[in-house]
Amino acid sequence: MRHLIDITDLSVEELDELLDLASDIAENPKKYQESCKHKKLASLFFEPSTRTRLSFEAAMFDLGGNVLTVSDANSSSASKGESVADTAKTVSCYADIIAMRHPKEGAPFVASKNASIPVINAGDGGHNHPTQTLTDLLTIKREKGRLDNLTVGFCGDLKFGRTVHSLIDALSRYTNIKFVLISPEELKLPSYVKKDVLAANNLEYVQTADLEEVIPQLDILYMTRVQRERFFNEEDYLRLKDSYILTPEKLKKAKEDLAILHPLPRVNEISVAIDEDPRACYFKQVLNGKFVRMALILTLLKEAGTL
Amino acid sequence: MNIDSIKNGYVIDHITAGQAMNIYHFLNLDAMDCPIAIIKNASSKRMGKKDIIKIDIETDINLDILGFIDKDLTINVIKNGERIKKYNPELPATVKNIIKCKNPRCITSTEQELDHIFKLTDKKNNVYRCLYCEAKAGK
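Protein sequence lines, in the order shown, are assigned to chains A and B. FYI, this note's numbering numbers position 285 of the first sequence as 285, with every residue one higher than the one before it. FYI, this note's numbering numbers position 94 of the second sequence as 94, with every residue one higher than the one before it.
Bear in mind the hints are in silico, worked out from the structure with no lab data behind them. Do not rely on the hints blindly, as some may be mistaken.
[Said to hold, decoys possible] Think about it this way: if two alpha-carbon atoms lie no more than 35 Å apart in a straight line, the pair counts; the simulated DSBU-like pairs of lysine-lysine are:
no. : chain 1 : residue 1 : chain 2 : residue 2
1   : A       : K159      : A       : K31
2   : B       : K40       : A       : K141
3   : A       : K113      : B       : K40
4   : A       : K195      : B       : K85
5   : A       : K113      : B       : K96
6   : B       : K79       : B       : K136
[Unchecked claim] Some but not every residue of chain A turned toward chain B, in silico, with C-beta under 8 Å:
no. : residue
7   : A58
8   : D62
9   : G64
10  : N66
11  : F109
12  : G125
[To be verified] Simulated DEER-style distance windows between Cβ atoms:
no. : chain 1 : residue 1 : chain 2 : residue 2 : range
13  : B       : P104      : A       : M1        : 54 to 60 Å
14  : A       : C93       : B       : N41       : 55 to 61 Å
15  : B       : K123      : A       : F160      : 24 to 30 Å
16  : A       : D86       : B       : N41       : 55 to 61 Å
17  : B       : K136      : A       : K37       : 43 to 49 Å
No residue lacks a Cβ here, since even glycine has one placed at the ideal position from N, Cα and C.
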């Protein structure tokens, strides 16, 4: 049984096929509107999530399928102490595919080992969130027409942001990607990511604290939120937070075809004035998230022999 | 101090000083009904101090896990009073239920029936990671 637990479960060829299918769905949604008729997605969200859950559920509805939802762990058997393994076995009797978010890291992997239907990891703690990475990749591909020969800037909290780490990991498999890492000293990319991903693959990267200095060279700017709770010192937070707010002024020096991405939710790190700029892609990214989840559900159900 | 040589079994030599009791527990030697000698802080030209474990046993025991604990130690296999094999253990590809994942966010921290499994992810640096959450193993 094929599952998606970690983005590296997919080869580059499989990734490309999935992104091509997602692009086709985006361009011809009617073609797929009955592809999953009479099929059921079990949406098992054991911790709060609005965006990802709605995206999965909208994806299944747009494929003509149905959705069974657990959106509150307190209303499920998990609150009675049922194991993830038993939940997966039970839900396999009702549904055709599972999307699982769980606060414990590795829970979707345990589910995949016990389910008789495909399991998609919809986020497990601070560990993996592969469909966010697929969303980011699809957005880059649709905006730039390619996933190679790009200069990609990551800005903000590069230390704790799991979306940043897994997107770097995924992009490192494509050729001629130059990484520009823009963050305050306190929130630099962890050394294990630099060592295990960037250095191990001989990838070019630069680190800087100055967004304005590097913005002219970027094809992609991936913004993240600088979170107050990450700082030990309120003074440091206040000193740094405004350096990473993207404003129309800072954007003046950027390329005309820059694509600005953000995993959302946004707080204040991208000025609302930028929303109207054609380079702002973060709401298109949300829509791409639905398309790529549709492609993933279709692909996994086909591989499982359900369709 | 005089420890008799063994007739059949294993001499685990060049154990990093202080590690003998860990190995004793990892191999579940306390459950074995055979003579076992643990020598701690023996003098060693190469290591300064080392630990040694002698296990006098007729049957084979699985020592694969030793590579995970201390890949520089030496295993001597003794048959009829003669050493028939001497080798350093290899790093096992996986280790199961030897150590526990210490990541409080790992699913194994709440689901007690799950096996604690670690995979060798970096042979050069002897790095094992939890199969579930990928946290680095702490020995």
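Here is how each hint holds up against the structure:
no., hint, result
1, K159/A x K31/A, "42 Å, violated"
2, K40/B x K141/A, "62 Å, violated"
3, K113/A x K40/B, "43 Å, violated"
4, K195/A x K85/B, "39 Å, violated"
5, K113/A x K96/B, "16 Å, holds"
6, K79/B x K136/B, "38 Å, violated"
7, A58, "28 Å, violated"
8, D62, "31 Å, violated"
9, G64, "33 Å, violated"
10, N66, "28 Å, violated"
11, F109, "6 Å, holds"
12, G125, "5 Å, holds"
13, P104/B x M1/A: 54 to 60 Å, "30 Å, violated"
14, C93/A x N41/B: 55 to 61 Å, "59 Å, holds"
15, K123/B x F160/A: 24 to 30 Å, "29 Å, holds"
16, D86/A x N41/B: 55 to 61 Å, "49 Å, violated"
17, K136/B x K37/A: 43 to 49 Å, "46 Å, holds"
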